[in-house]
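**Student:** In case you want the letters, here they are:
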Amino acid sequence: MSGKRRFRLDGKWVDSVLTTVAAIFLALFIGAVLIALSNEDVVDSMGYFFVYPWDFFSRSFDVVGQSYGKLISASLGSGDALANTLNRSAPLICAGLGVSLAFRSGLFNIGAQGQIILGTLAASYVGFTWDLPGPILLLASVAAGILAGAFWGAIAGFLKAVAGAHEVISTIMLNQVAALGVLAYALSEMKAFQKPGDTLGLPQSPPVPDKAAFPELFGVHLGVVLALVAAAIVWWLLNRSTLGFELRSVGSNPEASRTAGMSTAKVFILTMAIAGALSGLAACMFINGDQASNNESLVGSVGFDAITVALLGRGTPLGSVLAGFLFGALAVGGGAMQTTDAGTAPEVVQVIQSLIVLFVAAPAAVRWLVRQRRKEPTSTFAAKGVTP
Amino acid sequence: MSAPADAPVAATAPTRPVRDRADKLRQLKLVVTFGLVTALVLWMALSIDDPNVLYLNAPLPDKDHQPEAFNGLRLVWIALVICAAALVAAVANVIPRNAWSAVIFGAVGLAFYMAFTIWYYADQTGVVESWIVNPLPSTLKYCPPLVLGALAGVICERAGVINIAIEAQLLMGAFFGWVIAAMAYSNGAGLVAAALAGVVVALVLGLFSLRYHVDQVVVGVVLIALALGLTTFLKGQIPTPEENKDLSTLLSDSPDPLAPIEIPGLSSIPVIGRALFNQSILVYIALLAPFVVWFLLYQTRWGLRVRAVGEHPKAADTVGIRVNRVRWQAITLGGALAGLGGAFFTVGSSTTFNDNASNGQGFMALAAVIMGRWHPVGATMAALFFALTAAMKDDFGLVTKVPSQLIAVAPYLATLIAVAGFVGRVRPPAADGEPYVKD
Numbered sequence: 001m002s003g004k005r006r007f008r009l010d011g012k013w014v015d016s017v018l019t020t021v022a023a024i025f026l027a028l029f030i031g032a033v034l035i036a037l038s039n040e041d042v043v044d045s046m047g048y049f050f051v052y053p054w055d056f057f058s059r060s061f062d063v064v065g066q067s068y069g070k071l072i073s074a075s076l077g078s079g080d081a082l083a084n085t086l087n088r089s090a091p092l093i094c095a096g097l098g099v100s101l102a103f104r105s106g107l108f109n110i111g112a113q114g115q116i117i118l119g120t121l122a123a124s125y126v127g128f129t130w131d132l133p134g135p136i137l138l139l140a141s142v143a144a145g146i147l148a149g150a151f152w153g154a155i156a157g158f159l160k161a162v163a164g165a166h167e168v169i170s171t172i173m174l175n176q177v178a179a180l181g182v183l184a185y186a187l188s189e190m191k192a193f194q195k196p197g198d199t200l201g202l203p204q205s206p207p208v209p210d211k212a213a214f215p216e217l218f219g220v221h222l223g224v225v226l227a228l229v230a231a232a233i234v235w236w237l238l239n240r241s242t243l244g245f246e247l248r249s250v251g252s253n254p255e256a257s258r259t260a261g262m263s264t265a266k267v268f269i270l271t272m273a274i275a276g277a278l279s280g281l282a283a284c285m286f287i288n289g290d291q292a293s294n295n296e297s298l299v300g301s302v303g304f305d306a307i308t309v310a311l312l313g314r315g316t317p318l319g320s321v322l323a324g325f326l327f328g329a330l331a332v333g334g335g336a337m338q339t340t341d342a343g344t345a346p347e348v349v350q351v352i353q354s355l356i357v358l359f360v361a362a363p364a365a366v367r368w369l370v371r372q373r374r375k376e377p378t379s380t381f382a383a384k385g386v387t388p
Numbered sequence: 001m002s003a004p005a006d007a008p009v010a011a012t013a014p015t016r017p018v019r020d021r022a023d024k025l026r027q028l029k030l031v032v033t034f035g036l037v038t039a040l041v042l043w044m045a046l047s048i049d050d051p052n053v054l055y056l057n058a059p060l061p062d063k064d065h066q067p068e069a070f071n072g073l074r075l076v077w078i079a080l081v082i083c084a085a086a087l088v089a090a091v092a093n094v095i096p097r098n099a100w101s102a103v104i105f106g107a108v109g110l111a112f113y114m115a116f117t118i119w120y121y122a123d124q125t126g127v128v129e130s131w132i133v134n135p136l137p138s139t140l141k142y143c144p145p146l147v148l149g150a151l152a153g154v155i156c157e158r159a160g161v162i163n164i165a166i167e168a169q170l171l172m173g174a175f176f177g178w179v180i181a182a183m184a185y186s187n188g189a190g191l192v193a194a195a196l197a198g199v200v201v202a203l204v205l206g207l208f209s210l211r212y213h214v215d216q217v218v219v220g221v222v223l224i225a226l227a228l229g230l231t232t233f234l235k236g237q238i239p240t241p242e243e244n245k246d247l248s249t250l251l252s253d254s255p256d257p258l259a260p261i262e263i264p265g266l267s268s269i270p271v272i273g274r275a276l277f278n279q280s281i282l283v284y285i286a287l288l289a290p291f292v293v294w295f296l297l298y299q300t301r302w303g304l305r306v307r308a309v310g311e312h313p314k315a316a317d318t319v320g321i322r323v324n325r326v327r328w329q330a331i332t333l334g335g336a337l338a339g340l341g342g343a344f345f346t347v348g349s350s351t352t353f354n355d356n357a358s359n360g361q362g363f364m365a366l367a368a369v370i371m372g373r374w375h376p377v378g379a380t381m382a383a384l385f386f387a388l389t390a391a392m393k394d395d396f397g398l399v400t401k402v403p404s405q406l407i408a409v410a411p412y413l414a415t416l417i418a419v420a421g422f423v424g425r426v427r428p429p430a431a432d433g434e435p436y437v438k439d
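Protein sequences appear in the order of chains A and B.
Read in order, the letters of the first sequence correspond to residues 1 to 388 in the numbering used here.
Read in order, the letters of the second sequence correspond to residues 1 to 439 in the numbering used here.
Worth flagging that the hints you see were computed from the coordinates, not collected in a lab.
Among the hints, a few may not be true.
What the hints assert, rightly or not - In silico lysine-lysine, BS3-like type, Cα no more than 25 Å apart, as pairs:
1. LYS24/B - LYS191/A
2. LYS29/B - LYS266/A
3. LYS314/B - LYS438/B
4. LYS191/A - LYS211/A
5. LYS24/B - LYS266/A
6. LYS195/A - LYS211/A
Unchecked claim - Among chain B residues calculated to face chain A with C-beta under 8 Å, some are:
7. LEU36
8. LEU228
9. ILE370
10. ALA408
Unchecked claim - In silico negatives: residues of chain B with every beta carbon more than 12 Å from chain A:
11. LEU46
12. ALA85
13. ASN134
14. VAL200
15. PRO270
16. VAL292
17. LEU304
18. ALA315
19. THR332
All C-beta atoms, glycine included, are put in the ideal place defined by N, C-alpha and C.
Using the sequences plus the hints, can you model the full thing?
**Tutor:** What follows is the structure, encoded as structure tokens:
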């Protein structure tokens with residue numbers, strides 16, 4: 001996929017959109033089958049399917065309709081719902097951008113998780129210990145989060161550039177060190193990270209004060225804007241800057257780039273530092289955006305979801321934004337499905353998410369499944385040479 | 001250097017081997033690393049006040065086995081000698097570049113581990129003194145998912161198919177192993193089901209990567225997410241006793257986890273006996289599998305074909321090897337191994353399935369594949385090293401001389417240092433990750 005991409009309605013572009021839409025519907029269809037089969041009423045009606053098949057279909061439609069109706073209304077249906085979705089999307093977009101950027105330079109950055117964890121620690125530490133006036137404290141806290149993420153990412157880039165350490169190994173190890181070492185140590189040994197008067201339950205830190213939180217407008221916090229700005233910057237960086245040119249060049253052929261006089265070492269270190277900075281910004285969405293307490297499970301699996309966001313976004317900034325938004329909406333709506341009469345488990349959403357990515361990556365498979373045979377297009381994925 | 005001294009140096013110069021920058025850098029790294037290790041061991045030896053530490057030659061004390069005190073300082077000095085010898089060898093630049101270097105690293109690592117353990121347990125201030133236990137039995141107990149997962153990765157990647165999905169295979173193996181073991185009330189059936197679940201993941205990987213030429217990294221990552229979502233979802237669908245009494249009781253009544261099988265005689269060998277010959281069937285499989293995989297890959301015609309399609313599929317095709325058929329066979333075998341490894345989390349060690357039971361062990365196995373340079377023996381060694389992590393977490397928990405988090409991350413830090421300093425640039429199989437399309 002070329003970096004320069006004009007939105008002309010030529011065949012390839014339409015094809016790509018059609019494949020994506022078909023993939024989403026196919027994934028939703030499989031999700032619907034799971035939802036129906038997990039419902040007791042539906043399973044009961046299967047017992048007399050051959051006597052009275054209509055019951056089975058009507059109940060299935062009912063259950064799936066309820067669930068997907070709730071999925072959409074809870075994520076997009078109202079102003080509040082949309083605000084929720086946007087807030088939930090912001091960390092996914094930022095971390096997804098970081099993974100995308102690394103993909104474009106041929107690096108497989110599994111380390112978003114560790115980078116986010118470091119970011120949350122730094123942002124929250126500055127947020128609740130430094131005594132600064134409001135906006136400056138917010139700025140300092142966000143900067144600390146970004147710098148910590150960049151630092152953690154740069155370690156992997158540095159080890160790759162200087163010693164040839166494989167980034168898959170080093171990022172996996174750095175994730176473990178961040179979670180089991182730095183985070184666990186901060187929560188259990190450092191006074192600053194222990195919420196006063198909270199001795200029972202999981203160790204957790206206090207949330208940052210209100211003056212270190214992102215201002216909100218209609219329930220949407222400033223972080224969402226920052227995520228979009230970050231996407232624009234990444235687009236500019238990739239497509240309009242010298243570093244971006246070098247980055248893509250190293251990604252498509254490191255040997256040739258080196259022969260042409262580029263420093264692959266510089267590209268690896270800078271790419272991983274910027275990717276880490278983006279993950280650090282994602283961390284600020286939790287700390288300064290949601291004003292969440294730092295604990296063992298705050299980050300959850302966002303670092304891993306970021307990889308799927310980057311894959312669905314095909315390594316482009318716009319793609320990451322759209323994919324992050326889609327996954328944010330699915331996460332918000334998926335949680336709400338449990339509250340319907342159908343009581344659908346939210347884990348269905350994770351299955352749907354992964355199926356979407358799988359089908360988008362396999363246009364040939366989608367065509368085969370929807371019985372629409374055409375000539376197979378070329379590979380859909382940007383990051384060539386990603387060999388862990 | 002003064003002028004007269006120049007002459008003898010010049011005279012001996014031609015007999016010296018030519019040394020490039022990389023060689024000097026390697027020597028520097030070795031001297032620094034071994035120097036630091038030696039200094040640390042020396043410091044530990046000097047800082048121990050009371051040389052007596054307790055050692056227990058059994059998992060738990062009973063009337064035959066009580067913790068016994070012994071002079072640990074002597075062992076620390078031995079460790080120091082080993083480390084110092086390695087340091088001298090590094091200074092003299094006589095450390096070989098072949099497999100013997102791995103032996104030297106292993107010896108220094110073990111010596112350091114021994115010295116650290118004794119230092120850690122010496123001079124305790126607590127009311128009840130903790131004792132050292134042999135780390136080998138629990139290391140091997142925890143090894144099946146790591147070793148079998150790493151071997152699965154090796155087989156797939158040697159055939160040219162990147163297998164990120166080891167984590168997915170472990171997870172699916174764990175879940176379906178548990179379900180079938182409970183339904184059939186048989187651990188054997190559970191193990192078979194686990195292997196089959198791993199195969200199913202491998203078949204999906206093959207369908208998308210070999211047939212539809214989807215980027216293999218993408219398929220792998222997606223399969224992990226899919227396996228995590230699917231197993232969590234299915235676990236949530238298990239009915240409560242009020243909803244469906246039969247199914248719920250059936251699944252809550254799992255057979256006991258695999259019991260250790262003691263091999264009489266051999267299991268009483270000191271130090272290694274209990275570790276090697278009193279384990280569950282899964283551990284025996286994991287210990288035999290590296291040899292089997294090595295034999296398959298390096299001593300059989302099939303193995304030669306696997307390696308050929310992984311390095312140069314076109315050449316293999318030219319001489320009549322069916323590239324994709326060999327790749328299908330390799331990933332199927334890999335899937336079965338990894339699925340079996342996943343059974344450890346349920347059939348092998350517990351009667352229930354916890355969400356995300358594999359908890360990142362598949363990624364550790366992936367790291368072991370790369371650290372072991374895509375060789376079954378190397379990958380197994382790396383996997384065993386990671387298994388020591390789990391064992392250390394179990395064994396070192398009672399004393400708090402060092403923050404427990406430092407112990408928890410020590411293996412990962414050691415891996416980072418090893419990868420950055422000594423494993424260096426690794427070379428995957430040439431055609432790894434590239435779908436083969438006939439022209």
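**Student:** Checked against the structure, which of the hints given earlier come out wrong?
**Tutor:** Violated hints (numbers, rising): 1 and 7; every other hint is consistent with the structure.
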